[in-house]
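Start from chain A and add chain B according to the hints.
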Amino acid sequence: MVFDGLLFYDETTDLVPRLAAAMPEVSLDATVYTFRLRPGVTFHNGREVTADDVAYSITRVLDPETKSPGSGFYTGIAAAQDFIDGQADAVSGITVLDPTTIQFTLESADVTFGNKMALNFAFIVPKEEVERQGENFGHNPLGTGPFRFKEWVPGRQLTFERNPDHFVEGLPRLDRVVIQVGVEPEVALLRLERGEIDLMGDPIPGAEFARIKTDLAWENRLTSAPQVSTIYITMNTQMPSFDNVQVRQAFNMAIDKNRIIQLPGGRGTVANQILPPLTPGYDQSYQGYQYTPERAKQLLAEAGFPNGFTTTTECIAVDPQPKLCESFQQDLSKIGVTVEVKTLAASTVIADGGTAGKVPLIWSGGLGWIQDYPDPDDFYTPILSCGAAVPGGWNWPWYCNQDLEAKAQEAIATPLTQRRLAIYQEIFRTLMDQAVWVPVYNGQYDIAHSAKVVGGVTDFAHPEPTIRYEYLAKQP
Amino acid sequence: MVAYLLRRMLFAVPVLFGISLITFVLIYFLPADPARMYAGPNASVEAVNRIRTQLGLDQPFYVQYGRFVERAVQGDLGYSYQLQMPVIDAILARFPFTLQLTLAGIFVELLIGVPAGLLAAVRRSTWLDGTSMVAAMIGVSSPPFWLGLLMLYFFAFRLGLFPLGGAGTWKHLVLPAVTAGLGGAGWYARMTRSSVLEVLSADYVRTARAKGLAGSTVLRRHVLRNAINPIVTMVGMDIPWFVGGVVLIETVFAWPGLGRMMVDAILTDDVPLILGTVTFTAVLVVVSSIIIDLAHALLDPRIRLG
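In order, the protein sequences belong to chains A and B. Under the numbering used here, the first sequence has 249 at position 249, and the numbering climbs by one with no breaks. Under the numbering used here, the second sequence has 58 at position 58, and the numbering climbs by one with no breaks.
By construction, these hints were calculated from the structure, which means they are not laboratory data. Honestly, I wouldn't trust all of these hints.
Stated by the list, open to error - Here are the simulated DSS-like pairs of lysine-lysine, each with C-alpha atoms no more than 30 Å apart in a straight line:
# : chain 1 : residue 1 : chain 2 : residue 2
1 : B       : K171      : A       : K150
2 : A       : K358      : A       : K297
3 : A       : K474      : A       : K150
4 : A       : K297      : A       : K334
5 : A       : K474      : B       : K171
6 : A       : K67       : A       : K358
7 : A       : K334      : A       : K323
8 : A       : K452      : B       : K211
If we strip away everything but chain A, and leave its shape as in the complex, we get (with noise of 0.2 Å):
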């Protein structure tokens, strides 16, 4: 709302310039990205926007003393780590070539490097404003975006005013957002209906849904759209018993993923692959493993289980995820497996998962992997690659594969053609074959609204910013 990046997403996920004037020449090898600046584009604070501020604003992302969770995307960046390190004070991979004109250079090629210009970390800020407000320009943000920061009342809500000097011409259409927060789905779903509010930002509560859904006075005012993600049950490959591959495909087997859908309310669509539809690389010929516990139970007795065994998997305390996992637990006792569910919170999760092992089995259902980015590099590096594959780290099945290491990076040095995902889709398959995973469901995001709030489905829901404020209007 506040602030812009280079590039952005269009109303697909097709990347666009935004405070870029086109999209950026990239040199043959995809190592070198050149990207020339919308010229005359202002900060809140009437200052023209340079390409000091952008080389400044990745570099912040970069420094340590910054923590930003984002740094990871950047480090590619040539002698990023130098810098990190403390070996330089500046990052030379970044060129300032003229005030309009920066240079980024890669240590090694990298087609998503657009994507990660995209990204919230990558978003442009005024040197000057953050020098001076030090640890406090978070509670004070000023950007170029669509939005001018108002007030912050802490716990309670935050208020944006609209930016007139936006450089999109017509954007944004809203005179003033005022988002609430620490208010309970139940409470905001009631301020809805009773029309002091226009959008319900969190996810409706199940037993709304289901009669929201079916009532014709919501029709115009409930949005749907897929988000793109997928629900997952992790087996860890390391740990007894999943350390086959026939356990792992039976699991795949057993579970009857259209029951546990219909928990939430019916909110998604089954899954039998890794990447999700929206995802470019999603396999389309690719039909997975079908629901036959008889099967499963006989592939279970081959590879060495005919009477089970007894397990564990963990699964986050907040509703309905429990529940969710008490289904799948009584399909996998249909061929033998007694499952003990230990709900646990978010951060014990995430940190049982990255340590090694310690749990054969996670629901990742409210962990689930959201994108950063529309690519199938996103579902691989950052949570099935053997760099993940270390403590405190996100690939949970704890399974590592060089061949497929060699693979991706080929990928990722392939620009985006049918070749580079034709490589995704041989990595997916193969992780399919070993069946790391249990892919159960992909998302889907239900926004609730008033009439008077007008949008397409996805400025209410877009697959990466999720609400594009900028392109809402509200009618008298």
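Chain B alone, transformed into the frame defined by chain A:
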């Protein structure tokens, strides 16, 4: 009196020290990683490790705790990871709301609980006694979250008499205070009843009656005055409960109090904020118990502080 206060305050030091140490140990040995929670699920392992170093979370236990104590004695409770502001500022921003809800809640408890208990005691073993004690049981056993949602649904959503949660005006305060008060009033009613019954059978009450004093005067001057001590003690125990224990009420009414902030801090592993709010709550408990002792001394001339 001054010596008494000084002694109580001196005694508070080891209490606060102990509470902060226990809290710190619990967080430290919790199987969760504060650096990962700070960084969010999508951060790379390297980024999480860098953040861990920056926050000093890679230091040994005693170094981390030592740092906390060193700063805390200077009035600095650290910097919240999630709120990105000094912990003391975050607490002070929320404290006025907690104080409002505490005072209003206790007011409702006393307003309903004491008369109900008194009535039940005076009309012992009548339908009045039975009804008020059953009502007290219902009040005590109603889950506050459910009660709060019902209140919101009827009085705010249906009738539109009060706002649908939030804070700011006295109207915002009514429903959360009544919800908290209804639950607590049951305890006060039961306590008042047994305390009054005890006093009613005392010799001096019989004497007062024998002197020919009017029933209401006996009740006011002799019974209530003597039965009030346990009620004052209960108010003292209520204050800390309101500070940390009304989380559910704060949550359902979107009331920006300390309890909800503390729960959020625990869920996000915000170590400085957890330590800060727990220590602050402990200070409040100590202070409120001193105030209650002083109140006892004022109300009951037999009690001497010293």
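A quick look at each hint next to the structure:
Restraint check: the Cα-Cα separation between K171 of chain B and K150 of chain A comes to about 26 Å, which is no more than 30 Å; the hinted pair holds. The straight-line distance between the Cα atoms of K358 of chain A and K297 of chain A is roughly 26 Å, inside the 30 Å bound, and the hint therefore holds. With a CA separation close to 20 Å, the supplied pair K474 of chain A and K150 of chain A stays within the 30 Å bound. A distance of roughly 8 Å separates the Cα atoms of K297 of chain A and K334 of chain A; the hinted pair therefore holds under the 30 Å criterion.
Simply put, K474 of chain A and K171 of chain B have alpha-carbon atoms about 29 Å apart, close enough for the 30 Å limit, and the pair holds. Using a Cα cut-off of 30 Å, the hinted pair K67 of chain A and K358 of chain A holds, with the two alpha carbons roughly 28 Å apart. Restraint check for K334 of chain A and K323 of chain A: the C-alpha separation of about 17 Å stays at or below 30 Å, so the hint holds. Restraint check: the Cα-Cα separation between K452 of chain A and K211 of chain B comes to about 75 Å, which exceeds 30 Å; the hinted pair is violated.
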